[in-house]
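Protein chains in written order, with our numbering: chain C, 448 to 713; chain L, 448 to 713; chain F, 448 to 713; chain G, 448 to 713; chain P, 448 to 713.
Mixed in with the good hints there might be a few duds.
Each pair may be met inside one copy or between any two copies, as identical chains are not told apart.
Derived EDC-like pairs: lysine to aspartate or glutamate, alpha-carbon spacing no greater than 20 Å straight-line [unchecked claim]:
#: 1; residue 1: LYS668; residue 2: GLU472
#: 2; residue 1: LYS497; residue 2: GLU674
#: 3; residue 1: LYS642; residue 2: GLU492
#: 4; residue 1: LYS598; residue 2: GLU558
Derived by calculation from the structure, the hints in this document are not laboratory data.
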Amino acid sequence: MNKTFISFNEIGYKRRMNTIFKNDENILVVGLDHGTSQGLLDGLEDISSKTNFYLEQNSDAILLGPKTSTIQKNKFHKDTSSSFWLRINRINAFDQFAPEMVVTSNIAEVEDAVILGADAVVAWYVRDLSCKHPFQNNEEELARLAKQCRKYGIPLVVEPVTVGNNDDEELINTSRIAYELGADILKITYPNTAKVLKTIVNSVDVPVLLAGGAAAENEDKLYDSLEEAIEIGVKGLVIGRNLWQSEDPLKAFNKLSNIVKKNERK
Amino acid sequence: MNKTFISFNEIGYKRRMNTIFKNDENILVVGLDHGTSQGLLDGLEDISSKTNFYLEQNSDAILLGPKTSTIQKNKFHKDTSSSFWLRINRINAFDQFAPEMVVTSNIAEVEDAVILGADAVVAWYVRDLSCKHPFQNNEEELARLAKQCRKYGIPLVVEPVTVGNNDDEELINTSRIAYELGADILKITYPNTAKVLKTIVNSVDVPVLLAGGAAAENEDKLYDSLEEAIEIGVKGLVIGRNLWQSEDPLKAFNKLSNIVKKNERK
Amino acid sequence: MNKTFISFNEIGYKRRMNTIFKNDENILVVGLDHGTSQGLLDGLEDISSKTNFYLEQNSDAILLGPKTSTIQKNKFHKDTSSSFWLRINRINAFDQFAPEMVVTSNIAEVEDAVILGADAVVAWYVRDLSCKHPFQNNEEELARLAKQCRKYGIPLVVEPVTVGNNDDEELINTSRIAYELGADILKITYPNTAKVLKTIVNSVDVPVLLAGGAAAENEDKLYDSLEEAIEIGVKGLVIGRNLWQSEDPLKAFNKLSNIVKKNERK
Amino acid sequence: MNKTFISFNEIGYKRRMNTIFKNDENILVVGLDHGTSQGLLDGLEDISSKTNFYLEQNSDAILLGPKTSTIQKNKFHKDTSSSFWLRINRINAFDQFAPEMVVTSNIAEVEDAVILGADAVVAWYVRDLSCKHPFQNNEEELARLAKQCRKYGIPLVVEPVTVGNNDDEELINTSRIAYELGADILKITYPNTAKVLKTIVNSVDVPVLLAGGAAAENEDKLYDSLEEAIEIGVKGLVIGRNLWQSEDPLKAFNKLSNIVKKNERK
Amino acid sequence: MNKTFISFNEIGYKRRMNTIFKNDENILVVGLDHGTSQGLLDGLEDISSKTNFYLEQNSDAILLGPKTSTIQKNKFHKDTSSSFWLRINRINAFDQFAPEMVVTSNIAEVEDAVILGADAVVAWYVRDLSCKHPFQNNEEELARLAKQCRKYGIPLVVEPVTVGNNDDEELINTSRIAYELGADILKITYPNTAKVLKTIVNSVDVPVLLAGGAAAENEDKLYDSLEEAIEIGVKGLVIGRNLWQSEDPLKAFNKLSNIVKKNERK
């Protein structure tokens with residue numbers, strides 16, 4: 448008899464990854480978690496109706512903070528195909544005045560995500576290259592989160608951010624380090640060039656998602672870069688301000704969805 | 448059979464919230480917890496008789512510190528309709544000389560509140576915008592308290608305070624962050640304008656209470672702002688110094704209660 | 448049937464308080480714990496014979512450090528009426544040169560006191576008003592000790608000390624804060640005036656003991672202030688250097704005992 | 448009856464050491480863990496095929512980071528003779544600009560290695576002789592890792608690094624301290640002279656491995672120093688950049704293997 | 448029936464103390480633990496043969512570090528009368544350049560000593576009187592070790608060291624504080640004068656051992672001071688460099704042993 452040992456957390460991990468990337472297709476994730484770091488943004492006053500709206504659009508995933516997750520609790524019902532992602536740390540980088548040191552704060556534990564039935568957790572990883580705060584040790588914290596995620600079989604989405612140096616090399620290294628330390632999915636802002644993006648996608652063995660970033664002055668620029676990214680092999684988009692602060696959010700949603708899914712601009 | 452899963456801590460949370468906001472009415476909460484941060488205030492020498500007095504007036508809730516809670520233990524008997532709130536951290540902001548850094552200290556655990564049979568816990572949240580003390584990470588601490596409160600189903604009342612910047616925007620953001628990180632009830636001092644108050648009330652999905660603040664020179668000013676706040680949708684008042692340092696505390700109590708409950712000044 | 452719930456730790460607490468304040472009388476406590484903070488003091492070389500001496504005098508309580516408690520172990524036999532108090536933190540304030548920052552160190556846990564069969568634990572509480580070391584957070588530490596004491600039902604004797612400011616107001620506030628955070632008995636040095644002492648005694652709902660303090664040049668001054676304190680409502684004296692460094696310790700003991708017990712100087 | 452007590456962790460330790468040093472022969476270890484500290488290095492873009500390649504060459508051991516260990520999981524099958532080593536901390540010393548302070552970060556726990564079925568764990572030990580960061584206490588951290596390794600019977604490979612002083616004496620002392628604190632295998636870069644290397648090898652009672660170090664301009668220099676080291680008693684080589692960044696990696700592998708195994712350059 | 452309660456840890460403590468001080472005689476302890484703090488010292492290259500040598504001489508005790516303890520494991524067989532002491536912390540004071548701050552690092556836990564079957568643990572205690580590093584709180588750490596030792600009934604040997612001030616008074620106070628905080632045996636270097644040594648011996652209720660200290664230029668000076676110390680009541684000597692760096696170690700051992708045991712110089 449040649450029975451294989453079955454690891455519970457590997458099964459859980461695969462089930463959740465299949466819930467996230469159904470049929471291995473690209474995904475459009477709607478971020479509604481900005482309040483945890485930034486406070487009140489235009490467009491997120493009534494988070495309940497926003498969540499409803501994007502669930503009705505069958506966005507592939509919704510990203511929420513710990514408290515708003517509880518408010519939305521009855522919305523992730525069985526008719527919804529959206530997966531649910533929990534933001535588990537915040538960042539002080541959006542404070543009105545530049546802080547002396549960029550820090551992340553845990554706002555939920557991986558265990559909370561499991562209890563909530565979330566399909567993934569999302570965490571910032573700050574790589575501080577200013578050489579001033581080595582004692583911060585964000586790498587150790589990222590590894591701790593990764594260990595928790597391994598324990599529960601829950602995918603860890605990591606958003607790497609560099610502080611003090613944005614050279615191509617450092618962007619590439621930071622993404623790779625995030626991967627080496629345990630990221631299951633990377634969420635990155637479009638880097639300096641397409642070549643850098645290609646290098647990142649090819650040097651980590653996990654899906655890479657594009658982050659929508661700050662509201663763009665020219666929406667077409669976002670569409671262009673998204674097309675390019677999908678071409679390169681990026682597995683989708685996590686979008687917030689450029690979606691729900693858009694003049695016509697439904698039109699924007701559909702346009703982005705088409706690019707992500709079929710790489711066709713409509 | 449379509450039985451719904453019943454979460455113990457959700458039931459406990461709802462029971463406690465119903466005890467606090469009976470019939471969903473506005474509430475007048477009497478704060479007697481000042482000694483934990485400020486030491487001895489005029490009017491709180493004999494905390495035992497003060498507690499008795501406000502229990503007899505059927506104030507909606509009494510807020511006490513950890514030690515005074517134990518002294519008062521036989522007073523929260525079954526004939527009293529007052530709910531009981533436990534102060535679980537203190538703040539050094541009232542020290543005679545301005546401290547270099549505003550810090551909070553845990554003075555009780557959420558578990559203590561559960562053992563005591565308290566209906567809610569009250570915690571300061573300091574958002575430090577001075578950009579000098581990022582390592583303090585009050586956000587992580589607030590999230591830790593919120594996690595404890597979720598565990599036991601006990602409502603978390605949060606008093607957000609900004610340090611280094613009181614612009615409208617920052618007051619709004621700080622309240623929203625407190626909410627996003629887990630506040631179940633917000634207790635705020637009247638902000639710069641009514642417009643700001645309205646924005647805060649409309650951008651958090653939990654009850655907002657007004658804090659009485661430092662003793663007012665002109666009592667009418669307090670009544671005016673309370674009326675305005677109730678009009679805007681604030682769910683009540685947490686009052687201390689302006690009540691028990693008043694020349695006629697009983698008259699003041701009744702006046703405040705009328706505004707809170709019916710928004711009628713008598 | 449109307450059975451009352453009986454709390455184990457409340458019973459333990461009351462038993463211990465009754466052992467300490469027999470028949471609710473004032474008490475004379477002999478402190479032999481100075482070595483934990485100060486090293487070797489004249490008169491405490493042979494701590495074993497000193498303990499024997501004061502046990503034979505039936506002093507109401509003996510205060511010892513963790514190691515000396517173990518040496519004395521066979522002395523707290525059943526014929527002794529003295530209660531036994533354990534010093535559980537030390538202070539660096541007695542170091543030859545003024546330290547930059549006054550710190551306390553835990554030298555035993557409350558659990559040790561329970562194992563030892565001690566009737567009370569004694570801890571310094573440093574309120575630092577120099578505004579330079581807010582990160583020290585002695586308040587959080589005091590609250591932690593109080594929580595441990597509540598758990599085991601063991602009375603917590605707190606010695607509040609102010610650093611950087613000894614104004615009347617701050618002495619009063621510091622004692623009140625120590626009480627609010629969980630002190631069951633306060634041990635204080637005679638403050639600036641009798642009026643301040645009276646305010647302290649009347650603003651905390653627990654027994655206040657006078658601390659003997661540094662060896663007085665004029666013993667009569669100590670007797671005078673003790674008489675005054677007992678008059679005001681102080682429940683006794685914790686005495687060390689002014690007792691065993693006295694020229695005639697037995698005479699001093701009896702004199703102090705008479706003032707404490709009957710407020711009669713013999 | 449004279450039954451000997453059998454220690455589980457000693458048995459596990461010996462089994463693992465026998466797996467690592469088969470028949471007590473010298474070993475050639477291929478390091479593929481650089482991404483954890485350095486990000487993306489030329490030659491490690493596709494870590495999966497690199498691992499396959501060196502497993503096919505029957506390298507004695509492969510060293511991987513936590514995430515890449517999971518990606519490679521099906522490769523350490525029963526036909527492979529390579530042992531598998533897990534990198535459990537990283538170092539910030541490779542950052543583009545010299546950091547103020549060299550710090551290590553835990554990126555996995557010893558427990559993870561046990562779960563993974565790894566045969567050894569590899570950790571940096573930074574001895575900071577700059578006299579500026581005594582609070583870092585890397586010695587305590589190393590001892591903590593050693594305690595974990597003892598608990599699970601897993602060999603601890605330590606890479607000692609000196610900061611601020613590379614004198615012969617300090618290199619020797621640092622290796623000895625690493626050994627005294629619990630290293631089971633030392634991995635060191637070739638020190639200042641052969642004499643120093645000999646002293647190190649003779650003053651620790653555990654196997655010493657040479658670290659390949661940064662890519663050499665002249666490959667022959669590496670071969671020379673390796674021959675010398677093997678002569679002195681070094682038990683093998685841990686090689687990375689000088690192997691897979693070589694123009695002909697297979698040729699380089701065979702050459703290094705011959706020197707390590709038979710001390711014959713081919 | 449008058450059965451006495453028997454404390455397990457007291458029995459263990461007494462058994463171990465009897466193993467250490469057989470028939471209450473003075474003892475000669477050989478220290479081979481220097482590598483944990485100092486790295487490689489002349490004479491300790493081959494620690495295995497050194498241990499054998501002193502076991503054959505029936506030295507009363509051997510002091511080893513955590514790793515060397517495991518290497519020596521089969522030597523503490525039943526024919527040996529030597530007790531075995533484990534060094535559980537190290538000190539950075541021996542680093543080539545004076546460090547900014549003297550720190551100790553835990554290199555083993557008391558639990559390790561119990562598992563190893565060690566008869567005692569040895570720890571440095573640094574009393575920092577420079578007034579610059581109060582946050583270090585070595586007193587709290589010493590108390591933590593003492594609590595662990597009490598738990599397991601294992602004697603705690605403490606080596607007090609003063610930093611920033613070596614006045615007689617401070618040496619005396621530091622030893623007394625080490626005792627008050629839980630030392631079961633004190634190991635001290637010969638202080639400024641015989642009078643100071645006498646004061647220390649008479650003011651702590653535990654055995655005092657002399658530490659051999661740095662290699663003496665004049666061996667007779669060591670013998671003189673040892674004789675004086677034994678006369679005063681010191682219970683023995685812990686010797687390292689002055690023994691195994693001596694020109695004739697066996698002769699030195701016998702000479703020291705005679706002084707320690709019979710106070711006769713041969």
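These are the hints, each one checked on the structure:
1. LYS668 with GLU472: neither (24 Å within a copy, 51 Å between copies)
2. LYS497 with GLU674: Classified as neither: same-chain Cα gap 26 Å, cross-chain 31 Å, threshold 20 Å.
3. LYS642 with GLU492: between (38 Å within a copy, 14 Å between copies)
4. LYS598 with GLU558: Both: 10 Å inside a chain and 12 Å across chains, each within 20 Å.
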